[in-house]
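S.K.: Can you build the whole structure from these sequences, using the hints too?
Residue numbers (my numbering), protein chains in the order written: chain A, 2 to 248; chain B, 33 to 549.
Simulated from the structure, these hints should not be mistaken for laboratory data. All values derive from a computational prediction rather than experimental measurement. Careful, some of the hints might be misleading.
[Stated by the list, open to error] Facing chain A, according to a computed beta carbon distance under 7 Å, are these residues of chain B, among others:
hint	residue
1	ALA61
2	GLU175
3	VAL361
4	LEU366
5	ALA377
6	GLN388
[What the hints assert, rightly or not] Covered by chain B, per the in silico footprint, the following chain A stretches (three or more residues, Cβ under 8 Å):
hint	stretch
7	5–15
8	79–87
9	101–111
[Stated by the list, open to error] Across the chosen pairs, the derived CB separations fall in these ranges:
hint	chain 1	residue 1	chain 2	residue 2	range
10	A	ASP42	B	ARG293	44 to 52 Å
11	B	PRO390	A	SER164	34 to 42 Å
12	B	SER151	A	ARG73	31 to 39 Å
13	B	LYS329	A	LEU4	29 to 37 Å
14	B	GLU49	A	LEU4	30 to 38 Å
15	B	ARG246	A	ARG162	42 to 50 Å
16	A	ALA237	B	VAL389	27 to 35 Å
17	B	GLU49	A	ASP42	44 to 52 Å
18	A	SER83	B	SER533	32 to 40 Å
19	A	ARG201	B	ARG76	23 to 31 Å
20	B	ASP78	A	ASP116	35 to 43 Å
21	A	ARG130	B	ALA53	32 to 40 Å
No residue lacks a Cβ here, since even glycine has one placed at the ideal position from N, Cα and C.
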Amino acid sequence: MTLSQRDLADVGVLIGCGLRPKLRAGADSDYRGLLDRYRADIEFRNAVNSVLDGLDTRVLSDSDLGLVLGVRRESVFAYRISDLSNVGGVTERLLVGLVSVAIAAFTFPTPGDFDDDRVRRVSVYEVERFLRATCDRLKRSPETASRQEEMFEEAWRTYDRLSPGYKADKGEGKARRSKASSVYWVASVLTWMVDQGLARPASGLASAPETFQLLERFRIQARELAGNATYDVLSAIRRDGGEEGIG
Amino acid sequence: MSGPSVGPAVFDSSFGERVRALLRVRPVADAAANTGRQSWGDRRYDVVTMALAGIDAVIARQGLDDEVGYDEVVAGLEELAAATHPECSVEEHASVARYVLDALLNRRDREAPYRYYVSVFSRDETGTVAHRELSVEFRLLTEHEEPARGVNVLRATPDAINALVGGLEFDVEDEQAAVELMLARQLERGAFGQAEKAAERSRLLSVRYADELRALMADTSRDIRAVLGQWSSDVPQQLERSRVHLEDRLAAEARLLDHVRGALDGAESEPSVTSAAVRIAGLLEECRRRHTELHGKLVNARMTFIDEQTRQMFRPLGGLRNPDLTDDVFLPLLRLPVDAAVDPAETFAVAIAGTQVPRIVRLADLVDDLMAPRRSGDIDEPLDPDEEPGDPEPPAVPVAVLIAAAAVVDSVQLPARLSVLLTAAESAVLPAEVDRKSVLRVIALAALWSYAPESVEDFAAAVDAAAQVLGSTVAIDADGTPLRLDGWSGDDLIVAEDEESLAAWAEAALSVSKGER
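M.R.: In structure tokens, the structure reads:
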């Protein structure tokens with residue numbers, strides 16, 4: 002059996018659904034039907050995967066949540082970090098990346114943590130304190146002292162230099178946060194994750210202010226793609242850097 | 033072995049099991065003991081009973097399509113609190129209910145597992161007692177995102193289910209058979225109170241059984257290699273045994289249900305027996321529903337295994353193990369030089385972000401967006417520290433130059449060619465402070481802006497300046513005639529006061545060229 006034009010149109014419809022991270026398969030019967038077909042029909046599945054492959058994209062998960070797609074950086078569907086507001090320069094892009102990694106490492110510190118699908122919540126302050134404490138640890142480490150003489154500055158100092166900005170936020174309700182404060186960056190990365198369907202503001206009376214629930218999609222993206230992809234880039238840098246004496 | 037004051041059982045290896053079983057009750061007992069800080073602490077609410085009722089409410093729908101959420105359980109517990117102290121406020125009842133459920137979730141501690149330390153004692157040949165400390169971690173209730181609906185639901189852990197069943201750690205199937213037998217005997221004897229307890233236990237076991245199967249399926253679809261050994265050795269037999277067992281259970285439960293209904297039909301039944309029989313019938317009905325569901329899952333289990341095997345065979349190797357974010361990603365990234373760190377940092381952000389669909393701006397949307405009121409998000413755009421609101425930017429062209437240029441244009445009869453305007457400007461009498469070159473440039477640029485405004489970045493400012501010099505209705509056209517003036521190049525544009533006079537000029541030009549021919 003070969004796929005008809007109609008089937009190929011369905012391939013397109015399913016990919017279209019997968020590209021909308023906030024669309025739940027449970028809420029859309031067409032989506033659910035095509036998702037079931039993707040899981041059961043090898044030929045249909047191959048067609049979807051091949052089209053996605055041509056777009057530098059692949060399926061990370063096909064659970065009841067829906068089709069979760071992962072992109073390579075060169076994909077047309079890849080997020081351009083510079084599209085975020087106030088992210089123009091290299092420093093801002095670094096901060097968005099550092100904070101994203103920090104949120105994931107705070108939530109899933111060990112490989113085993115990914116196996117537990119219980120709900121995870123993080124607040125802006127928890128992430129800030131986690132990053133701050135990590136910076137403090139690095140600052141005091143003997144390695145850092147021995148590296149003082151070197152020419153380059155390590156990435157954590159970019160975060161460490163930001164003001165924690167706790168005081169400015171007290172009272173006033175919606176006091177403006179300065180771009181020079183770390184809470185601004187943590188809050189804006191979390192807000193961005195809400196837009197991307199990775200998190201949602203935590204509801205419920207027991208939640209601390211500015212708390213977000215990281216959604217299942219976050220766990221999938223971090224486990225199936227982001228963690229290993231970044232590890233690969235870091236290993237490549239270490240390999241290349243080893244020859245030049247960096248690392 | 034002498035006979036000390038402590039019995040020998042404490043040194044048995046099985047002793048620890050009992051201690052651990054007892055520990056599962058600690059969180060509930062602690063919650064009951066620590067109500068002192070609550071505003072309602074001096075009134076007696078039975079936290080232990082409410083906690084067990086909460087766990088039971090969760091188990092009742094666990095594994096089914098409509099698992100319960102936090103708010104639902106709170107609502108149920110509120111009812112119990114309200115019945116306890118009807119004279120108190122609704123807010124207090126809600127607060128008690130949340131306190132109980134939060135304790136079961138360990139929300140005070142960010143839903144971390146409860147952790148207790150137990151002592152393990154042993155005795156060597158010489159009779160010396162050795163002590164070792166072990167930490168025991170567990171959860172009672174956990175919160176999960178239900179994938180299809182996206183809502184948060186609660187599930188009871190095996191620890192909670194076992195603690196509720198009575199801390200028993202038997203093979204589920206055997207225990208289930210035992211419960212069944214017991215139930216049948218009790219019904220025969222007419223001991224309905226005990227039969228009800230047994231039916232309740234039978235239901236809890238069904239839940240635990242479903243959980244075991246779900247865990248196996250989840251492990252299989254996560255990483256088949258981790259459970260490959262299990263699948264090749266004991267899982268097939270286990271599945272087959274379970275399937276036969278389930279079929280038996282479905283038949284047995286149907287029989288028991290008949291039995292109970294028979295008891296109900298007996299005309300001389302006591303009211304207490306009747307009501308117990310009704311409850312048992314309900315429980316058995318639910319057991320049957322669960323078993324039917326489980327049966328469906330079981331039938332699909334082998335298919336799941338084969339599908340996952342095909343699927344994961346082609347999964348890239350890196351994707352198989354869970355990444356170690358702290359040691360492999362986060363800390364190495366922080367230690368990289370800033371320049372080198374940008375790329376991996378951005379790689380992570382892009383990979384976690386998922387997809388972004390490229391959008392082309394449609395003009396209609398752009399206008400709507402520009403006219404829409406400013407969105408007030410939670411995060412305000414920060415002020416750029418370098419940018420102070422206040423003085424508007426100084427105009428690029430001094431006002432005096434604009435006035436002088438306008439005067440030159442006024443002195444020439446329009447429509448006219450740009451070359452005529454520029455020549456007029458060369459010879460015009462200008463105020464002393466005005467630079468002639470600026471005037472020439474402004475006239476040329478004004479004509480150009482009016483002719484092709486889209487080429488200008490600061491569109492509004494350019495159009496304003498052009499209108500000031502040439503008039504707001506100005507119309508410009510080009511007919512390919514080159515501009516023959518020293519220091520200038522390009523088309524000798526035609527500048528008219530408005531579209532009409534431009535059209536008249538074009539017609540006249542046309543007739544002139546015809547006449548020449």
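S.K.: Taking the hints in turn, state whether each one holds.
M.R.: Results of checking the hints against the structure:
1. Annotation: ALA61 (chain B) was flagged as interfacial toward chain A, and the flag is violated, the nearest CB pair being 22 Å apart, outside 7 Å.
2. Hint status for GLU175 (chain B) relative to chain A: holds, with the closest Cβ pair at about 4 Å, below 7 Å.
3. The restraint placing VAL361 (chain B) at the interface with chain A holds, with a minimum CB-CB distance near 5 Å, inside the 7 Å limit.
4. Checking LEU366 (chain B) against chain A: minimum C-beta separation of about 4 Å stays under 7 Å; hint holds.
5. For ALA377 (chain B), the interface hint holds, the least distance from its beta-carbon to any beta-carbon of chain A being 2 Å, beneath 7 Å.
6. Annotation: GLN388 (chain B) was flagged as interfacial toward chain A, and the flag holds, the nearest CB pair being 4 Å apart, inside 7 Å.
7. By the rule of at least three residues with a Cβ nearer than 8 Å to a Cβ of chain B, the coverage given for the stretch 5–15 of chain A is violated, with 0 such residues.
8. With a cut-off of 8 Å between beta carbons, the stretch 79–87 of chain A has 7 residues touching chain B; three or more are needed, and the interface restraint holds.
9. For the stretch 101–111 of chain A, the stated coverage by chain B is satisfied: 8 residues place a CB nearer than 8 Å to a CB of that chain, which reaches the threshold of 3.
10. Taken as a hint, the range 44 to 52 Å holds for the pair ASP42 (chain A) and ARG293 (chain B), whose Cβ atoms sit roughly 45 Å apart.
11. Judged by the Cβ atoms, the range 34 to 42 Å given for PRO390 (chain B) and SER164 (chain A) holds: they are separated by roughly 36 Å.
12. Look at SER151 (chain B) against ARG73 (chain A): about 54 Å separates their beta carbons, and that is not inside 31 to 39 Å.
13. Checked against the hint of 29 to 37 Å, the C-beta distance between LYS329 (chain B) and LEU4 (chain A) comes to roughly 31 Å, which is consistent with it.
14. Checked against the given bound of 30 to 38 Å, the beta carbons of GLU49 (chain B) and LEU4 (chain A), roughly 57 Å apart, lie outside it.
15. Between ARG246 (chain B) and ARG162 (chain A), the C-beta spacing of about 48 Å keeps the proposed range 42 to 50 Å intact.
16. Remark: the range hint 27 to 35 Å for ALA237 (chain A) to VAL389 (chain B) is upheld by a beta-carbon distance near 29 Å.
17. The supplied range of 44 to 52 Å is met by GLU49 (chain B) and ASP42 (chain A), whose beta-carbon atoms lie about 48 Å from each other.
18. The given range of 32 to 40 Å is broken by SER83 (chain A) and SER533 (chain B), whose C-beta atoms sit roughly 49 Å from each other.
19. A C-beta distance of roughly 38 Å is found between ARG201 (chain A) and ARG76 (chain B), which places it outside the suggested range of 23 to 31 Å.
20. Evaluation of the 35 to 43 Å hint for ASP78 (chain B) and ASP116 (chain A) yields a pass: the beta carbon distance comes to about 36 Å.
21. Checked against the hint of 32 to 40 Å, the pair ARG130 (chain A) and ALA53 (chain B) passes, with Cβ atoms roughly 37 Å apart.
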